[in-house]
Every structure is written in structure tokens, then in C-alpha cells.
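**Student:** Following the hints, complete the assembly by docking chain B onto the known chain A.
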Amino acid sequence: MLLQNNGPFTQEQANWLNLLLPTLTEAQRMWLSGYLAGAGAVQGGPLPAFAALAGSAPWAQVPAAAFAAGAGTREAATAATGLAPGPAAPAPAEAAGAVPGKPAEAPAGTNGAASGTATREATVLFGSQSGNSQKLAKKFAAKLEERGYKVALSAMNAFKTNELKNVRNLFVIVSTHGEGDPPDNARSFYDFLHGKRAPRLDGVRFSVLALGDSSYEFFCKTGKDFDKRLEELGGVRLAPRVDCDVDFEQPAAAWMESVLKALEEAAAGEASAGAEQAARQQANGVAATAGSPQVMNGVAASAAIPQPAGSVAASAGVPQAVQGLAVSAVPYPALAGTAPALGFVPFFPIWGPAPGYAVIPGWGTYPGWAAYPAAFPGVVPGLAPYPAPNAVPGNGLANGAASAGPGAGAAPFAAAAGIAPFAAPATAPAAAAEPSYSRDNPFYAEVIENLNLNGRGSDRETRHVELSLAGSGLQYEPGDCLAVIPENRPELVDELIREAEWKAEEPVPVDGTEEVPLREALLKHFEITVLTRPLLEKVAETFGTGSVRELLAAGRERELRDYLRGRDLLDLIRDHGLKGVPARELVRLLRKIPARKYSIASSLKAFPDEAHLTVRVVRYHAHGRDRYGVCSTYLAERAQPGDTVPVYVHHNPNFKLPADPGAPIVMIGPGTGVAPFRAFLQEREATGAGGKTWLFYGDRHFRTDFLYQTEWQRWLKDGVLTRMDVAFSRDTEQKVYVQHRMLEQSRELYRWLEDGAYVYVCGDEKNMAPDVHAALLAVLQKEGGLSAEAAEERLAELQRQNRYQRDVY
Amino acid sequence: MAQDRLSASQNLPPSDVEKIKLESNYLRGTIPESLEDRITGAVSAMDDRLLKFHGTYQQDDRDLRLEREKQKLEPAYQFMVRVRAPGGIVTPQQYLVLDDLAQRYAGGTLRLTTRQSFQFHGVLKWNLKRTIREVNEALLTTLAACGDVNRNVMCNPNPYQSEVHGEVYEWAKRLSEHLMPRTKAYYEIWLDGDKAVDSRDADSVKNPRLPRNPGVSESLERKGSGYSEDETEPIYGPAYLPRKFKIGIAVPPSNDVDVFSQDLGFIAIVENGKLAGFNVAVGGGMGMTYGDPLTYPQLARVIGFHRPERIIEVAEKVVTIQRDYGNRAIRKYARLKYTIDDRSVEWFRDELNRRLGWELEEPRPFKFEHNGDRYGWVKGSNGKWHLTLFIQNGRIRDWDDYPLMTGLREIAKVHTGDFRLTPNQNLIIGNVSPRNKRKIEALVEKYGLTDGRQHSALRRNSIACVALPTCGLAMADAERYLPVLLDKLEVLLDEVGLREEEIVIRMSGCPNGCARPALAEIAFTGKAPGKYNLYLGGSFTGDRLNVLYRENIGEAEILETLAPIFRHYAAERLPGERFGDFVIRAGYVREVRDGRDLHAAGQEALAASAASAAVRG
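These protein sequences, in sequence, are chains A and B.
Position 454 of the first sequence, counted from 1, bears residue number 529 in the numbering used here, the numbering being contiguous throughout.
Position 386 of the second sequence, counted from 1, bears residue number 380 in the numbering used here, the numbering being contiguous throughout.
Possibly wrong hints are sitting among the right ones.
With a Cα cut of at most 30 Å, we get these calculated DSSO-like pairs of lysine-lysine [as the list claims (entries may be wrong)]:
1. B:K66 - A:K240
2. A:K213 - B:K66
3. B:K64 - A:K210
4. B:K13 - B:K326
5. A:K767 - B:K66
6. A:K299 - B:K66
7. B:K13 - A:K271
8. B:K64 - A:K303
9. A:K210 - B:K13
10. B:K13 - A:K213
11. B:K326 - A:K810
12. A:K225 - A:K214
13. B:K66 - A:K303
14. B:K238 - A:K214
Hints in this document: simulated from the structure, not taken from any laboratory.
So that you can see chain A by itself, here it is in the shape it has in the complex (with noise of 0.2 Å):
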């Protein structure tokens, strides 16, 4: 084993590891890649690694003893256990909310065997144009099939990327096109998983088979590029990758036969090693079967080794890290509690025995955990699963406190360690008391993806708005709202601050005492697009302006409801010559901006430490100007990926999925209104939900305006969603609506009914939910036999069992 190049080493580098590499035995190289792993797992980058080895750090020890347990001796395994005995211990235990006590009953071997037939399974992605490469990954994943494995065999862009990781041998085979493209069906999945979202694959074998033609100047591009990006996120190469050109059989079926005996040497490999584990567990009875308690223990340890000032820096560290800046921007001491992670090393089933091993038992309690580390959230760059300190510079250290409770002073550092895996699954409830963001103390939540749902040529604008929730610790269900916090429109407020005569710069005051430039607080602090009565009385109040009294005198209600529609700040000014009234004395008068609160769009189930909004953009023309919505502008223009937005969970316990999951739902939806539906089938397919399901959907277009559309094909396709019917209101010379549908459905609808299915409606309050009311009351008379007093009775009892829910704005 020697390199071939210097690849990605200088010469020096290359030299030392050419020196030490032939001297490994074999159990040395797995351990050392599954070392490397781990770390570039935790830490993104070898950092820890080269600290460890070149011993010139005072808390090298704790490294270095790991490293000596890894050159394979028992003795060292628990050395690394040794660590254990923090006082610092309890505090992340419970933060992290290892499920205390479970480890017990963890069978010892349980995990081994269980990884024994996890590596039985493959994953089989094509990228194909004409066919070929999916013809390929068909007969490759027979041939997997016919030696016993599992197979999961899917086109790339119907490859659910959240299922990454639970893979564990992955094959891509995929064609090049064009100068160098991805095949369309590679498209997405190609993006994604060159983009910052794609997660680690540590330890995941791979090998790919590229098909191409060697007539383009980008000859297999594609399948290089996978090829590459696969080891940049951590895999092994378990069969070099070949490049076929366009007579490919040949070259094809002899890459199929390097994989499949590469494969069976690894699994010969496993074999052993599995045994060994289970001997090491028999011997380590004690730590083995005290779980997570020593875990925690472990990670105490590094906590309570002496730290220079560097771990306050350590903590305060993190809100960067979070942020996505450099992972290297974390004070190197920090990295000394890297240490006890990697002990991790080895839960990596297939590298074998370890140090720390005897902390695996604990893992396997948990099922979903049983896949390896870089599943959890917390080991993708980036991404901080723990409740850490929010984010927002200069509040960082106040909120992580608040937020983390007792466990504060470690919880941050812990992260900062990169044990993020300790970390609760998200959607166990966190041992510490779930963050209290609010209005006033908002998380900002980094905007992952900001898309237009509607086609070219739509006259609407829906955004699909991605938001990481990462290190906040916020949790939801399904049905819940995230209250965002929106900024007026800069525009709006400097043409205001011109109209009035104002200075930008001037301090104003917000929130009593804090003082602001005027154009900051008019653009964070005050709602200044709606008129309200309240607002107006103390304007003339306050400057006695005369027009304004009149507009409120008794008898001229409806003047003034009319004056209030649609107009804002701006008008008023301009109407009543309000220009030159001095700002401080005016934004004393005016609300605060209020959150708009929408319908989470996705499930923390199939989308960890993220929430997906949908988001209908509004922009009219009224009163002379155009005037826009102030959120959904906001989120629509001046939220980009990379941009954080201040959020806060709204429950909204009276929206809640059936605590029966073999309950039939079903949900009406259109437009935006659509939003918790998508949430309710990711939860539903997540875990597997049983109950019959069925949407109603509408919009104006099918070609443009149907939200979700590929999503809920899928999901019919997968039975996730057993009906779904549509109405598209401008396509057809009668406007036909989802309320026409479920009368053209009456006699299955009552049926579904009869059969206790649930009935949610969502979206637009003043039209639809009436209509839909309407038709339900129809539904029940004509199918029941029902009278009108006896169907609106029916409904009321539903909706008393709460089988009759909504959610309308």
C-alpha cells in the first residue's frame, strides 16, 4: 500500500505516509480509515487527527492514548473507557437525553449482528438517459439480489436523499451527456449531493461505474465527479471506478465483478471482526452493559481535563460553527474533546474492533440510531443538532444559557467537541426544557432553500422557503406554525422617511429605553402597513390633527373602515399632512411589527432540524402604489439561502395528525393550504403510518400552480397517499373548485367518514373553508339521509372528537 501520487499531499506527506503505510497490518489500516473517518466525521477536517500524532499539544495525552488503543490492544479500549470519571458527567447526560437505563437491556452483540445485516444491504443509483445505465444498475442489483443482499434499486431523482443515510454500500451508475451533464434523472440528486447539504458518508463503501462516450471532450464526467464527491464525504472506494465508453457490456460486467468480490471479501472481513466484538463485549461485560451512562461518562472526561481559557472560547466558538464558517475558526484547544468521539471510531460496524467499544450498546437501543454516526445531524458540517447558543452575534452566550438550562456551561462545549451525536433524536423531547424563543427572542434560522413553486408563466408566486433549525432545539409536529419575524420593505420605509421629512439616521427609540436610527427601527421594530383605529386616535391625539378627528367621528364608521383598507404609514402621512411631525414623537405610536405565523410544510421526521414553509407572495395594486405583503415579500426577495430569518415555534395543538396512525384522513387543501398536508404524509410515511389518506387539492393551473406536485405523485405512487383529487379553477370555462370534487366523490367521502376517517381543513378562511363546510353538510344529507339540522349536528359531534379540524387564515 503505497501512493500512487501525492493526490492531495505535498511531497513531505506523501514521503512520511509512504513510510508508514507498508507497515501497517491490516487491522492497523481499518482502524487508521475509520480513525480518519470519524474525525473528518466530527470535525470536518483531520485536525485532531494530526494533533493526536504529532504529540505537541499538552492535551495530547488524551488523543494519544486513543491512538495507542487503536493500535489494537485491550488495554487501551479501556484506557478510553477510563476516561469516564468526570463530575461534570450528569449535566450532558441529561441534556443529551440518552435514554437512561435502556442500555441494560442491550442484548451484548445485539449491535454486531444487527451490522452484520445492515452490510447485507446495497444501494443501487442510476443516472440514465437512453436506458443503458439504468439496464446496468437492474442487472448489477440482481446479481447483488442473487448473493443475498437487499436491494434498493432507484433512479437518482426518485432516491429520497434523507434515506443517505441509512446506506451503506452504494453503487452509482451513471452516464455523461453533452459537455459533461448529468443525465436529467441525475440532476437533482447530482446537485444535491455536490452541494453544502450533502451529508458525510463516512465509512459508506461505494465504487461507481461511469458510462460515456469517448468522442466528448468530458468523457464520463459525471461518473467521475461521483466518483470524487463520494470520497470527499468520507466514503471508501470498495472497486476502483471504470469508465466505459459507448461499447460499455464488456467493461461493465467486469466492474460488476470487482464490486461483488470486493464485497464478499469485505463481508468475510465483518464476519470476523463481528466476532471479535462480541468476545470484547462478553469481556467488557460491565462498561459494555452500563451504556449511555459511560458514554456520557466519556464525554464528561474530556470536559473536566484541564482546560486552558481556550474551552470558554470553545463555547463561544460554537454560533460560528453553526453558522456554517470555517470549522477551523473553533479555538484549537477545543479540539482536545474531540478526543472521546472518536471513540466512535469503531461503531463504524465494519471497521471492526475499536477503543471505546464498550460504549456501543448503548447505540443500539436506539433503532433509528442504528445506523452510523453520520446520520445524526450534529456531525454534518455546519449543522449543530445540541441546543446550542443561538446564533445571533452578541447573543450567543445569554441565549445558549437560557436555552440549556443547568447543563448550559457544558452542553456548549460539548458541541463545540463535536459530540453533537449525543445530541437527542429530534424528536424525542430534550432532556433540558425546550428553548423558549419567542417574539422577543427569536431564533435566526438560516434560509437552506428559497424556491418559486409555481412554473414559468403562472401569474402567482409561492415560495418554498427551507429554513435550518439547527442548534436551536426548537421542536414541532406536524400541524404546528413557525412564526417569522419579517423586516418592511426598505423601499417603504425610505420612501416614508422622504415623505415625512425625517432623518434616517435619527435615534428613535424601541422597546422603552433602547434607541435606534430611525430607518433600522422602521424596518425591524414597527408595523408601518396597516392603519388601525386605535392608531389613528392617537395620532390626533398626539398632534391633533384635524382631518384625522374627523375621519373618527361618530357616524363615519364606515368612512373610516374604508379609509383603513389597504392603505398604510404612507398614505396617512401624505393624507393628512403629517409631513414633518417629529419621528420620535410617531413611531411612540405604532406596534410593533407582528410575526406571520404559517403552516409548518414539512415533518421533523423526514426532515430533521429543518421546517419548510409555504409561502404564498402578495403583491396588488392599490389606492395608486403597489403595495406587498410583508412577509411573504420579505421571505421572498430578502431571504436567500444563507440568510437567516428570526422564527419561533407556534403549537397548534387543535391541527394534530390522529394519535391512531391507522386512522384515514382526509385533508382539503388548496392553494397554500396545502402546507400541513405535506407535513401530515412526511410524518405519515416516516413512521410508517398505516391509515388510508386523502387529499383534496386546487389551485388556478395544472401546468404552473399544482404546490408539490412531483411530491404528491410519489407519495400516490408509494400508497403514502391513497387518493388525491384536484381541482384547477381557471383551466376550464366553469370555475371548478375542491369543494365540486368532494360533491362529485359524495358517496366515497361519506364512506371514508362512516369509517372514522378525519377531516382537516386548511387555507383560505373566507371563501373555501365555508364552501368546504358547505359541502361536507352536503355530503353527510345526501349519502346520510341526514336533515340539514342533523348533518350540521353530525358535523358539530366530529368536530367535538376532533375529527373535524382546521386551520384557516
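**Tutor:** Quick look at chain B alone, frame taken from chain A:
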């Protein structure tokens, strides 16, 4: 890779499409259900295959594909609807119906195809039935405009010799009707016709008769014409043909139908002003698959002559041979040209004679002079006038400065003759009475319609297929790009004084050959967006295959490559020497008249051009 097509397909099961056809219950599938499905603008994969037989292809706007995928929207599915008319002749009333449908359902544009058909693009699933029904109400059809059946029968729309043309056209119509599928599915699905009785008995449903595999079928010969017990498709049987099948009839001296590109070509032999009969040519075809030398464009081979009234019989027997021997396992090897080349032309002639029960006569002499169109007004022998208009790439629409579609509509409103589509995507206002001629001329003037005279002769002899963004097979633009490239080539030609030199130039977005590129003097087939293979050496009469000269080149290289050849041609051509002939004499490529020789010739040309590049370097 297998060395030959027969062994490559030996022992393979029939392809998926064969299965779909057999299980479709004579092309019904689940088309009505697919049309009703409101969740998708597409049809099921099976119905997608079957719809072709009904004259429509599912496509999507490829310009939007990636953008929509990101937006979580399915591709912008839409349908191409092809209207067939034998010989490409429609009445002005029919034209007005097509024009109206195009305005309502197809984005205000119509295309004239290289096979004398009309095409709508961009028809949404919800409008498909209405579109097809209204086409039929105008006494036109879309049935078998695509699919594994005989397609639209092409016929020279010759306006010069009207009597002979009339007679040939009648045969084209009868051929077309005779080879039309007999299934009632079309009427049931689109025209709300009565559901025909399912003619398949229970036995045939359970045990559908698979067409023979190539390797097998030679030993297990069919009796008679086969499938005779099956009333539904007496000629095709339940699995129809292994691939598409194309027929064209040429009337010398014009080879505008490119008779040698057809699976089955007929060459009208006119003796003493009368139609004496037809020479039969078999096994032509344009398509190939990149990277598979077992595929290639091929010229149809002339195998005999027969009297006019035998034409139906001959065509049917040729079709049945292909039905029985065509490759059912590997679709790209399933065209008649390979069925013949895998055996021999002699074998084919013998088999045909045997099935006919009589022998074809020796071919009669004929002479083609060109395969392009003659533009402008001509007077036919019946005293009527005919105006051939230049329609660039067959695209009819209104441009801001060129209201072509409006102009043709206004002409259709007053015209009393007919409209004839040429095989070169142009349009003839045919059979104009002398009284009406002035009226038509005024409209031509008013709307700026053109006989192409202001364009270079190169442009007048150009063809491009539709390609991107609608065609699912396209690898590069054709219709959208050829006009742009021609602008630049015209500059080169101007420099060397060749603007009025007629050169046949064609561009296809893929190697499947809709623009019949393999016969052009200069041809391009798309490899990737902006990249093309360049072929040289076809003839002006369409009787020679062109040869790959440069591979996978972009515009700059195209111009760089052609400029010196144009100069060379201008300087050293012999009197009357055509460009395609010159490049062969000058040694750029060698002459190829058999597709099996094409890859070798291409490799030689590429090697030579690489060597000369090395010398220059």
C-alpha cells in the same frame, strides 16, 4: 459487442414494446384512463407507446425540464399530434380547420414535416381528444401517423405533369388506406364510436401469439399471409410491425421524396406520357445509433418493376415479410434495411416473389435530377397554376415582421384548389385557376410570403427537423439553429461567389434521421447542445450516402472546416459539378452507396482530417 445483429438478438425475448403491443388489446391499453387522470399531464408508460399508433407522441418542454424538477413540478408534458394526408394534399377548408386547432390548442403554430404531414406541438392532455376529434371531423386522420405501422405514404406533389401525378397520387391514397390499421380502438377512444367487439377469443388473450424471433422465424415459416384468422388486423396481426415502416413514391426526374430513404420506395416509370408501372426499391432508412456500427443509414435497393395495379399487392407482401422477419428483440435493429442486410437482397427478392406468386420484372431505367423543390409559379399541363412557397424548416407561425400564418389563412379563405406539402417542408398552393391567380398573388404580396428567391440557394435547399425543445430524442437544436448557422454559411458562400449554387444541406437534432440527413451534400446530426457531427458527400439527387467528416464540433469549427472546402470548390469545380460530387473527387470523403461501408469510410475521413490537422500543426 456482438459482431452481427442476428447473433446479438439470438435467444433474446421480444422487447418491452412488443409485450405492450400484444397486451394492448389492439392499441387500446388504458388510454381512456390515462386521459382522465388529473394528477399528471402525462399518460402511463404503456399508453405513451400506444398513443404513437394513434398519431400522437407525448413530449415535454425540455427547456423547462430542469427548472420544473427543482420546482417540484412534473415536466411540462404536452403532445405532438401528427395529421397524415397521403401525398400531403389537403383542401383549403381542411387547412383552415388545422389552422384553427393550432390557434386554440397548439400555441399558434403548425409544422410541415419532411413526410408531408402536419404537426401540432404543445397540445395538453386535456385538449388531446378534442384536437383529434376535430381533425377527424375535417376528414383527416392521425391514425398510424406514428407507431410500428406504415406511416404516411409520401408522394411527389409534382405540379408539372398533372395527369401522371394524379394517377400516382391515387395509388398513394389506396396504399395508405390499404395499410391502415383496422383496430376500432381509435374510433372508440377519440371519436366516441361504439366499442367494437373484442375480436380476440379467450384463448388468444391467454396465449398471445408472439411474433417470431429472428433466429427462430426462419425455420418456423408462417403460412400464407398469417394472422388471417384474426379479423382485426389482417395484415399486421396483434403485435403490428417490429418498427416504423415508411413508403414513398417518386416521379422522376424529381426525387423529392428521397425514395432511397424509404423502407419501401416506388419509382414511377412514365413511358410515352403514361404511367407504365413502378420500380420497387426496398430497405432504405436514415436512422442510426451513435457508437453502434451495426446501425447505419442505408439506401433502398431497386429490386424490380411491376405494373401500376400491382402496387398494393407488392406493398402488402413487403410489409408482411418485415412483419415476420423483422427483429422483435432489439428495436434499433428492427428496420427493414437490417432485415434485408442480415440476409441478402436476393433472399428478399425471392421471398417477395414467392409471396406474390409471380415474379417482379427487371427494373426499368429512370433518371433523377434533384431531390429539392422548384419554387415559384408554374403552370401544370391541366392549365392550372401552382405556387411553391418557401417555408423555412416547415414552420408556420406569425413573426412580428412576417405574418406567414395569417397570410396562409387568408389564402385558404379564397383558394379553390388545394394545399400540397412537399417532402422538403415547403408548401404548394396548388391548382389555382387562372382567374384566382391574381388574387393569390396579391395576398402573397400583402403578407410578404416568399418563394425563397431572396434567400441563398443553400437555404432554399435546407431541411431541419423540430428537435429541441419538444423532441425527446434531440441532443441538439436543429430547427432553432440551422437558420442561424445558414446566416453564417451564407457569408462564406458570398465571399467565394456561391450564393446561387444549389447545395442540399440538412440538420437533425439526433442521428435518427427525420431530416433525412444521410442523403444531403452537407449534413449535421446533433451530438450535444451546440455540437454536431458533420457529414459530406451526399448527392444532389439523393442517391448516395454522405460520410462522417468531422465529429462533435461546434459552430466555430464548422465554419473553419467548411470555409476552405467552399473556397476549394469555387476555385476548382468542373462545369456543372455539384458540391457533393466535388468533395468526393477532391478526396475529402469517398463515395459510399452501401450503408455497411459507411463506418469504415467515416473512420478513414476522420483519420485523414486528423492527420492533415497534425501536419498543419
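**Student:** Decide, hint by hint, whether the structure agrees.
**Tutor:** Verification of the hints:
| no. | hint | result |
| --- | --- | --- |
| 1 | B:K66 - A:K240 | holds, 23 Å |
| 2 | A:K213 - B:K66 | holds, 26 Å |
| 3 | B:K64 - A:K210 | holds, 26 Å |
| 4 | B:K13 - B:K326 | holds, 16 Å |
| 5 | A:K767 - B:K66 | holds, 24 Å |
| 6 | A:K299 - B:K66 | holds, 28 Å |
| 7 | B:K13 - A:K271 | violated, 45 Å |
| 8 | B:K64 - A:K303 | holds, 24 Å |
| 9 | A:K210 - B:K13 | holds, 17 Å |
| 10 | B:K13 - A:K213 | holds, 19 Å |
| 11 | B:K326 - A:K810 | violated, 47 Å |
| 12 | A:K225 - A:K214 | holds, 14 Å |
| 13 | B:K66 - A:K303 | holds, 28 Å |
| 14 | B:K238 - A:K214 | holds, 29 Å |
The structure fails hints 7 and 11 (numbered hints given earlier, in ascending order).
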